[in-house]
Amino acid sequence: MPSLNPELEGRTYWRSLAQRAAAESGHGCADLGDEFAAYEPPAAGGHTRRQFLSLMAAAMGLAGLTLPGCRRWPEQEVLPFASRPEGISPGEALWYATMIERDGVALGVLARSYDGRPIKLEGNPAHPDSLGAADALTQASILDLYDPDRSRAVLLRAAGQAQPRISSWDHFRTDLRQRLDALRAGPPGSRSGEGLVILSQVTASPTITRLREQFEQSWPGAVWRTFAPLHRDHEVQGSELAFGQPLRTQLDLAAAQVIACFDADLLGGHPSRQRLARGWSAGRDSGDQGRMNRLYVVESAMTLTGSVADHRLPLPPSQIAAAVAQLAGHLGVAAPAASLSPHPGGDRWIAQLASDLLAHQGQAVIAVGPAQPPAVHALAHAINQRLAAFGHAVRFTEEPDRGRAAPDLADAQQRIDAGQVHTLVMLGGNPVFDGGLKFTISDTAAGPGHVGAAIHLGTHYNESSAASTWHLPQAHELECWGDGRAWDGTISIQQPLILPLFGGRSVIELLAMLAGESATDGRLLVQQTLRPMIGGVDFDGAWRQALRDGVVAGSAWPTTRPGVTRAVPAEEFEERRKMNEERGGVVGSSARSSFFVPRSSPHVLEVLFIADSSVHDGRFANNGWLQEMPDPVTQLVWDNAALMSVTDTQRLGLALGDMVELQAGGRTLRMPVMIQPGVAAGTVVLPMGYGRRVVGRVGLGVGHDVYPLRPATQPYILALDMLRRTGERYDLVMTQEHHLIDAQGFRARAQRAGKPNESGLLIHDGTLDDYRGNQDLFQHKGHGIALKLFDPPHAFNEPHAWGMAIDLNKCIGCNACLVACQAENNVPIVGKQEVARHREMHWLRVDRYYKGDTENPQVVHQPLACVHCETAPCEQVCPVAATVHDSEGLNTMVYNRCIGTRYCSNNCPYKVRRFNYFDWHSRSPRTTGDTPPWLGIPDRQQAQRVDKLAAMVFNPEVTVRMRGVMEKCTYCTQRIQAARIGAKLEHAAGRRQEETVRDGEVVPACAGTCPTQAIVFGDLNDPKSKVSRLHANARAYGMLDDLLALRPRTQYLAKLRHPAVSGIKETHP
Amino acid sequence: MPPDDPDNAPPVSLVQFPRWANYLLPACVLAAIGLGTYLPTLAILGLSPSTTNVGYRPTQPVPFDHALHVKALGIDCRYCHSTVQDAAFAALPPTQTCMNCHAAIKTDSPLLEPVRRSFAEGTPIPWKKVHDLPDYAYFNHAAHLAKGVGCASCHGAIDDMPQVFQSQPLSMGWCLDCHRQPELHLRPRDQITNMSWNAESETGRVQRELSLLLKREYNVADDVFMTSCSTCHR
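As you go down the protein sequences, you meet chains A and B in turn. For what it's worth, the working numbering labels the leading residue of the first sequence as 571, then goes sequentially. For what it's worth, the working numbering labels the leading residue of the second sequence as 8, then goes sequentially.
Keep in mind that a hint or two might mislead.
Lysine to aspartate or glutamate pairs mimicking EDC-like chemistry, simulated, CA-CA at most 16 angstroms apart [what the hints assert, rightly or not]:
| # | chain 1 | residue 1 | chain 2 | residue 2 |
| --- | --- | --- | --- | --- |
| 1 | B | Lys78 | B | Asp166 |
| 2 | A | Lys1596 | A | Glu1571 |
| 3 | A | Lys1518 | A | Asp719 |
| 4 | A | Lys1596 | A | Asp1569 |
| 5 | B | Lys222 | A | Glu1565 |
| 6 | B | Lys222 | B | Asp197 |
| 7 | B | Lys135 | A | Glu647 |
| 8 | B | Lys78 | B | Asp167 |
| 9 | A | Lys1596 | A | Asp855 |
| 10 | A | Lys1481 | A | Asp1611 |
| 11 | B | Lys136 | A | Glu645 |
| 12 | B | Lys136 | A | Glu647 |
| 13 | B | Lys135 | A | Glu645 |
| 14 | A | Lys1008 | A | Asp981 |
Derived by calculation from the structure, the hints in this document are not laboratory data. Note that the structure is a prediction, hence the values are computed from the model and not measured.
With these hints in hand, go ahead and build the complete structure from the sequences.
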């Protein structure tokens, strides 16, 4: 890379490669300063701007003439209960503790419901895998409940027919009985149920486990297989290798001073990520006391964990095993010899890591990710034992996952291919899409690849449904009873908040139906399971307590403390070593120019398959909130892409959006390329789950399906035979250059950034060591003069002074706050085309800045919503006073006054205001072309056009904005009001001393769901409140405050890095 | 004379109005006269009761008579609107509440047929909403009652309404009248449902004097808070 402009060095951050290039060339970036990018007048219906304005003027004149006649209040009805249940107060929120299971792990949630309508999920503080936080996927799963594309009926597709017909549960039950009778009789000599194959998802649900045991007893010939595309087979098999039995690793990051992750995205991809993130952040919290944990990450992709690492070493996936082996060598653990010779600096890096780990024995831990082969996991266990981590940062419990997802699916496929399957039952999931399951339906005797009938249970009609005979609508988690276990085994009960909207049934209800039980009431099934497990004598009491708390207290698995009993098989490493040698022949060459091999050579590039941050394994493809959520690292929306390193793409002559063809093992795939700083050279990262072919209107055909490239035998890491540019181009839309705060002053920024080793304009950061020596490290004034344009009319502190603090040292950029804000505040989605025009509506965005080397940059995540400046520039330019301060310091936005000039947004230095160009809620995000629904009377249009089902997710406490108005973060003013009114009522009733709101009673959506508690909100009037103490912290700074004197109520706390004292050279080669 | 000699260039008038500018003044006068009639008309029509819906009196599915139940029978508002002191919404009573009495009283009245049907079938009675605020305004009954605002202040003399109608404009200006000067409307908390409450006759103090006392006692916020946008809009 050419060197940076010296004036921009130091702690200067860049958001994208384009921005960095612009900085180097000294020119502003053409597109970067454009807040309202690509605003095209054709969107106004084919008129020019002038024509449009004159038409509007005429229309307004006419509207005035007919004003009294055209507006009548719409007549509304109030429908009270015939008999109101006790404890129900119409219009008041009720909270229920329940759970949602994903990847076999239950996540405890508290669901808020208005008048029987659940609208928001929060984390359950009592649940070990939530601790009060809910991740982005969990937050967004409420949207699936009200998805208009949800499966609405039992569908039957007779053999030979292309399209299914609507059928009924009764019809299905009759058909099922006949099939089961045939199976029970079976051919002579066969066991009962032979020919019946059940394919379920990975689960730890006690009820499903119980029903499975029952099922296997009553159908000895039947086969039950479990599959999940994002399986942890290697992890489970690794523990079997090490201990002789499958054990689940329970990490306690709070107990670790040195953490090393090898391709393990503990904070962003682990099933127990909330808990791990909380543990990690506990070790960052002590930064102000001069102590902090240190995170080392060796990885191929740029993950969230890698983005907050103190030391990060990018290595291609095949070399991670060598890195672990080398570490083992340093620590005196028996392991095959390995070298990172192709990566200068790598050996030294590992040596430094080893000495740091050894220096912190008992407080050090390493973790390996699910992509790595079992032997590496086994070796990691041995290393952890050597580090005396067992019993401290690492504990073990039993493992309900059998670790056989891939072989299970292969076995099912084998039986189908052999023509042995009479009836195939898929309990949820989508194995046809994400597992490559293939079968054909034939009524008659099954031939190779044929099954007699396939039954698919799913919330949506998907690829597997389309291939099946029967599609059964599955009840959403909020519609049915169930149970599950947290990562540590704690049992949660899943209770319904609403009756199934479309007659869906749950997995356990279908299982009971398969067992021929007449009573298929989910609640009874769960109670039957839990009766022997909880409560003892007083089961009803224990049941009610568990429902109330959301967890069964004390039900976690007991921890065991095994010893590593077996040696790690060397073959696994040998295989890796060979793969490396093939690349090493060329890569090892010292000349820089030959560092990368010519395109024609085989095994140059390796593929790493990862879960997509938005659609996970594809299940959330129809979820608009998640589709529009920018990936925390790539900032890509509505798409996936092949992520490649800067050097690789430079070498191969690839540009952003170039379509490439990837070939491996005779399979090919076409994908657009995205250049991602931090991806290891030699790696192509492919996020899974996109390119759905049978899905609802939101997700259909979005992105590219990478599953066809993924063999069952190599589920995560794959050597690529060929990568070739096709010459086609593809539009990728990223938000990373949107809403640039410093776009206007881009060139002046070189001066503003000051000398090297000072904090940047927007991000203040430094090392822990510097901070220990100088508590004023982050306090400096830009102007040095107290800039004051006018006296504020008011102190904005009556009776409270609301403020927020965001600790950049703890933020991991996980996007949970973004989705929580969207769910809480009825924030619409706009679609890929409109995001390309910078029209996304997120009130809160998580900016991601890079610093330094493009191969291995340092990263900062910065959540940014309206900071509620006391001298707000937006207020001074609004011609109609639609944005003004309230008495407590909130910069309020008054929708009914706003006339849509967008002056405020123009004048906002932080670029946090969002304009409703269209009535987004009544418009499909997949609309292409310019045919917006905008000719109705604006405030009636929503009632007429927003889908009734989709509108059910709206939070009734927040206005649904119409087109033509500006909106932005309100500090969740509805929650402030709720807390205030609650306090007043309690005071009036004599149940409370003071009438004011106490610290902690107002929790905005973003703060409530933050897994690391990086966002804190409260009253600045109260010097003892958490937020006041954080504002007084030596790391606190108001963004741009030193330049613009805006007095923002949201303050940031500078990020601390904790590199090893001796220092490791981060860059390579 | 050389054409590029600046000293000898012909004098140029600095201001040259085009010919159509002559019509600008009459056009302005006409526009002023037009606006002079247009704006007052707009204001008058916009603020007229027919626009704010004062007097809106829809026909209800059951001709429930507030005058009879409240004035003649003396039933307290909160017997039916039971959530009014605890919740934002003063819930309309469930049919069960009607049947508490009407299971025994007037059991065969044809007017009560929808009530009996609702109770038997478990289906709601579709009442017409009378007091309807815009969706961006968030009114909280409980908060107002806790500060001593009586029912009648907004709903009028319900006990004189055989058929309920909207007696106040419920416009933002009308709300702010009270938010700026709550002292004109406060009463003791135990009198909030009193339909004919009068400060002087009941306490011997004039309304303003009493209200100022109550304003302190109930911690009613000052007008800076009370007129903040976020107090009512979310």
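How the hints compare with the structure:
no.: 1; hint: B/Lys78 - B/Asp166; result: holds (5 angstroms)
no.: 2; hint: A/Lys1596 - A/Glu1571; result: holds (12 angstroms)
no.: 3; hint: A/Lys1518 - A/Asp719; result: holds (12 angstroms)
no.: 4; hint: A/Lys1596 - A/Asp1569; result: holds (7 angstroms)
no.: 5; hint: B/Lys222 - A/Glu1565; result: holds (14 angstroms)
no.: 6; hint: B/Lys222 - B/Asp197; result: holds (15 angstroms)
no.: 7; hint: B/Lys135 - A/Glu647; result: holds (5 angstroms)
no.: 8; hint: B/Lys78 - B/Asp167; result: holds (8 angstroms)
no.: 9; hint: A/Lys1596 - A/Asp855; result: holds (13 angstroms)
no.: 10; hint: A/Lys1481 - A/Asp1611; result: holds (15 angstroms)
no.: 11; hint: B/Lys136 - A/Glu645; result: holds (7 angstroms)
no.: 12; hint: B/Lys136 - A/Glu647; result: holds (5 angstroms)
no.: 13; hint: B/Lys135 - A/Glu645; result: holds (7 angstroms)
no.: 14; hint: A/Lys1008 - A/Asp981; result: holds (12 angstroms)
Hint compliance for this structure: every hint is met.
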